[in-house]
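The residues making up each chain are set out below.
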Amino acid sequence: MTDPNTTLSHLDLADLATHEKPFLDANELVINMGPQHPATHGVLRVILRLDGEKVLGLECVIGYLHRGVEKIGEHRTYTMFNPYVDRMDYVAAVSNGLGYCETVEKLLHVEAPPRAQHVRVILTELNRIASHQLWLGTHALDIGAITPLFYTFRDREEILKIYEKYCGARLTTHAFRIGGLQYETYTGFEKEVKTFLNFFRPKIDEYEELLTTNRIWVERTKNVGAISAEDCIALGVTGPVLRASGVKWDLRKAQPYANYKNFDFGIPTGQNGDTYDRYLVRMAEMRQSVRIIEQAVDALPEGPIMAKVPKVMKPPVGEVYHSIEAPKGELGYFIVSDGSTQPYRVRVRPPSFVNLQALDLMCRGELVADVIAVIGTLDIVLGEVDR
Amino acid sequence: MGGSTMDQIVQYIQSYLNTRGLTPGAAGNMFWVLVYIMLVFLGLSVAVIAMNWLERKILAHMQVRLGPMRVGPHGLLQPIADAIKLLLKEDIMPAEADSFVFWMAPLIVVLAAFTVFVVVPFGPTHAITDMNIGILFMLGVSSLSVLGIVMAGWASNSHYPLMGALRSSAQMVSYEVAMGLAVVSAILMTSLNKDGTGTLSMIGIVQAQQAQGVWFVFKFFPLGLIAFFIFAVAMVAETNRAPFDLAEAESELTAGFHTEYSGFRWSLFFLAEYSAMIAVSSIAVTLWLGGWLRPFPNLLTGPTWDQAFSYIPGITFLFFAATCFYNTVRMPKHPLFRIQTIGLAGFGVVLGLIGLMLFISGVSMRIQDIFWFSAKVAGFMYLYIWFRGTFPRYRFDQLMQMGWKVLLPMGLGVLIGTGGMGLRSEIWNQAVLPFGRWIWSLV
Numbered sequence: 001m002t003d004p005n006t007t008l009s010h011l012d013l014a015d016l017a018t019h020e021k022p023f024l025d026a027n028e029l030v031i032n033m034g035p036q037h038p039a040t041h042g043v044l045r046v047i048l049r050l051d052g053e054k055v056l057g058l059e060c061v062i063g064y065l066h067r068g069v070e071k072i073g074e075h076r077t078y079t080m081f082n083p084y085v086d087r088m089d090y091v092a093a094v095s096n097g098l099g100y101c102e103t104v105e106k107l108l109h110v111e112a113p114p115r116a117q118h119v120r121v122i123l124t125e126l127n128r129i130a131s132h133q134l135w136l137g138t139h140a141l142d143i144g145a146i147t148p149l150f151y152t153f154r155d156r157e158e159i160l161k162i163y164e165k166y167c168g169a170r171l172t173t174h175a176f177r178i179g180g181l182q183y184e185t186y187t188g189f190e191k192e193v194k195t196f197l198n199f200f201r202p203k204i205d206e207y208e209e210l211l212t213t214n215r216i217w218v219e220r221t222k223n224v225g226a227i228s229a230e231d232c233i234a235l236g237v238t239g240p241v242l243r244a245s246g247v248k249w250d251l252r253k254a255q256p257y258a259n260y261k262n263f264d265f266g267i268p269t270g271q272n273g274d275t276y277d278r279y280l281v282r283m284a285e286m287r288q289s290v291r292i293i294e295q296a297v298d299a300l301p302e303g304p305i306m307a308k309v310p311k312v313m314k315p316p317v318g319e320v321y322h323s324i325e326a327p328k329g330e331l332g333y334f335i336v337s338d339g340s341t342q343p344y345r346v347r348v349r350p351p352s353f354v355n356l357q358a359l360d361l362m363c364r365g366e367l368v369a370d371v372i373a374v375i376g377t378l379d380i381v382l383g384e385v386d387r
Numbered sequence: 001m002g003g004s005t006m007d008q009i010v011q012y013i014q015s016y017l018n019t020r021g022l023t024p025g026a027a028g029n030m031f032w033v034l035v036y037i038m039l040v041f042l043g044l045s046v047a048v049i050a051m052n053w054l055e056r057k058i059l060a061h062m063q064v065r066l067g068p069m070r071v072g073p074h075g076l077l078q079p080i081a082d083a084i085k086l087l088l089k090e091d092i093m094p095a096e097a098d099s100f101v102f103w104m105a106p107l108i109v110v111l112a113a114f115t116v117f118v119v120v121p122f123g124p125t126h127a128i129t130d131m132n133i134g135i136l137f138m139l140g141v142s143s144l145s146v147l148g149i150v151m152a153g154w155a156s157n158s159h160y161p162l163m164g165a166l167r168s169s170a171q172m173v174s175y176e177v178a179m180g181l182a183v184v185s186a187i188l189m190t191s192l193n194k195d196g197t198g199t200l201s202m203i204g205i206v207q208a209q210q211a212q213g214v215w216f217v218f219k220f221f222p223l224g225l226i227a228f229f230i231f232a233v234a235m236v237a238e239t240n241r242a243p244f245d246l247a248e249a250e251s252e253l254t255a256g257f258h259t260e261y262s263g264f265r266w267s268l269f270f271l272a273e274y275s276a277m278i279a280v281s282s283i284a285v286t287l288w289l290g291g292w293l294r295p296f297p298n299l300l301t302g303p304t305w306d307q308a309f310s311y312i313p314g315i316t317f318l319f320f321a322a323t324c325f326y327n328t329v330r331m332p333k334h335p336l337f338r339i340q341t342i343g344l345a346g347f348g349v350v351l352g353l354i355g356l357m358l359f360i361s362g363v364s365m366r367i368q369d370i371f372w373f374s375a376k377v378a379g380f381m382y383l384y385i386w387f388r389g390t391f392p393r394y395r396f397d398q399l400m401q402m403g404w405k406v407l408l409p410m411g412l413g414v415l416i417g418t419g420g421m422g423l424r425s426e427i428w429n430q431a432v433l434p435f436g437r438w439i440w441s442l443v
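If you're matching them up, the sequences are chains A and B in order.
The opening residue of the first sequence carries number 1 in my numbering; numbering runs sequentially from there.
The opening residue of the second sequence carries number 1 in my numbering; numbering runs sequentially from there.
Simulated from the structure, these hints should not be mistaken for lab results.
Any given hint might turn out to be false.
[To be verified] Taking CB as the label site, the calculated pair distances span: (1) B:334 to A:54: 57 to 65 Å; (2) B:346 to A:205: 39 to 47 Å; (3) B:222 to A:205: 30 to 38 Å.
Cβ atoms here follow ideal geometry from the backbone N, Cα and C, with glycine treated the same way.
All chains, full assembly: derive it from the sequences and hints.
Written as structure tokens, this is what we have:
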């Protein structure tokens, strides 16, 4: 096994070690943050090069949660692989499932029936809210506000209850099937979702009350980790991070999938691309999700929930790329079929992994405390980064 | 022979009881000093334990959760269980640590935090000693704790503790200045009375407030209030508590300067943090909130009101007891909870008995001062917990900015303003009027 440090060329660690040190040396401080650290959201390892508290550069070391999800995909049938994708971004499992099911449907040239599409939208948007809630709680916790975490978890619980009633699972739900849904919605589903929306709307105000105008919160997030739209696009950063930089790019509008084109919702954007704008964008996105769910529940059509798909799926030879707007950004699946029951290759374009590449750029010249804030604001999930 | 020795001892002790109006230390006797040291140490330990439980419970209720509920009724025995756990833990010292400094650091922090209480006046006669430079002693000793923190961070020989220690020392330096200015303006207020003599003695400062008939927080409104505010902010920074808990910023530096500490040594840091909180709160109470004086001394005067206020300590304890009984009734009626229910009822009985005892006029007269002082300090403790539940953490540079660019100028302004208010008649007679006459003569 090779020492991971030897690969970190730009840090010049070897140089640091052999360098002849003066009596009072004022060298840069190299700090290893993670993989066990309270604020790296799992097992991210960040090697920081510091001058006092100022960050000169950093390198992310990933792979501590690598499970070979893509390789597993090559050895499972299309249906068998479906639950595995839930384990990538485990706080937004429903979105992962939606992306995968739609990709295989595209490959099979089938389309889920309208009722299934509606239920998918409802559950996925609920998932977006849940994911943003988790982001808000942990992000605020990293910056030192410990209370919002408990508020968001209290409200996220209501969403998880709906999932549990719908499919029996709370986190890794495996809610969708290729071609539609396996389960019909339970009795009182619409009513419960609506109850949740009415319960949740004032809760967003409650979160905002704690943070949005909080002087310390604003000072800690304004002009911290700012990134320009050009840099975002060059790095392939998507999702709320891109939108906070002022780019109005949301796959739900840009390349409508499921039946998002039937719903009326806005794409919140920011201007400065700093941590505060990303915070505001995500808060606004939660409100937009509430709007979408409301429309979807009101217009929930009757009908079948499963399209006609063969029991043994053998998609025609070919390849397909399909992406959806997951809570964290563009989640894409690239599947190559060789005509057998198993994919020839599954490639996932995880938003967290791509967004994480912006960390170095966003943190340079900032302070150590800002690194924590930026990791929080990027909203990464290591299960998805490492796959 | 033995009997006469006994008599002598009794006489010796009694002789000190007769020195009324003096604190034990000022009376110059060793026996009562030792008794008071024991009492303060005991009271402080109980206060830290209570604070530990209260912080968990209050913070939990702010955060829509229950807090400790398992160890004892409503988690009342949780701090004790924690203490036992910490004492029994393996004592770990990092191999690369400087063992002597590593060993000394928590001791210095604890010593600094406890020594401060030598001059804290819990009442006109309830203090270990009354130094004529009390407030200076207090400020000096309480800022010694930063030495221990720096030593801890350095001796751990690890990056995160080192950064925590550096942050802590920078923080301490920048806030101590503003704090000092606020304190000076309060001391200045003591001299602005009829005979014009000020004092640095902690007891003297409270007595000055009594004599002038105003708590310094309300004096020269709003100057006293601003000084008090500066001190309140600086004292939170000084004790490394949220939102200024950079030195132990959990999400950034894992645990800051005490990352490498565990078990008993860690518990010493914990003890020191809480007693330091109580110590700086006592300074604030003494300087601005009238120390042991009861509230509304000017508005609600007369023996009737004095009598009424003397009942409040007893009523408070009876209220605590009633809360215990209320919760005893609400306890689950399952046999598993029987011991806990009995325990809670027993605790209620103890509190109730204390409450009833406080209604005896002799007791209440002696205890009243301590009660009001503790109640005010408890208010500050609640404030600390409230801050922790509400505020995000300041960043290092923002914290320094706040210290040097906001609090320091404010402190200077308040100091100049207080001085000006004290000399306002002189300024009017000797500067403004002559200047006006000179202008007039020009016209």
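Quiz item: So the hint says 30 to 38 Å: do the beta-carbon atoms of residue 222 of chain B and residue 205 of chain A match that?
Solution: This hint holds: roughly 33 Å between Cβ atoms.
Quiz item: Taking the beta carbons of residue 346 of chain B and residue 205 of chain A, is their distance inside 39 to 47 Å?
Solution: Roughly 45 Å apart at Cβ, these two residues keep to the hinted range, so it holds.
Exercise. May I ask you to test the hint 57 to 65 Å on the CB atoms belonging to residue 334 of chain B and residue 54 of chain A?
Key: holds, 58 Å
Violated hints: none; the structure is consistent with every hint.
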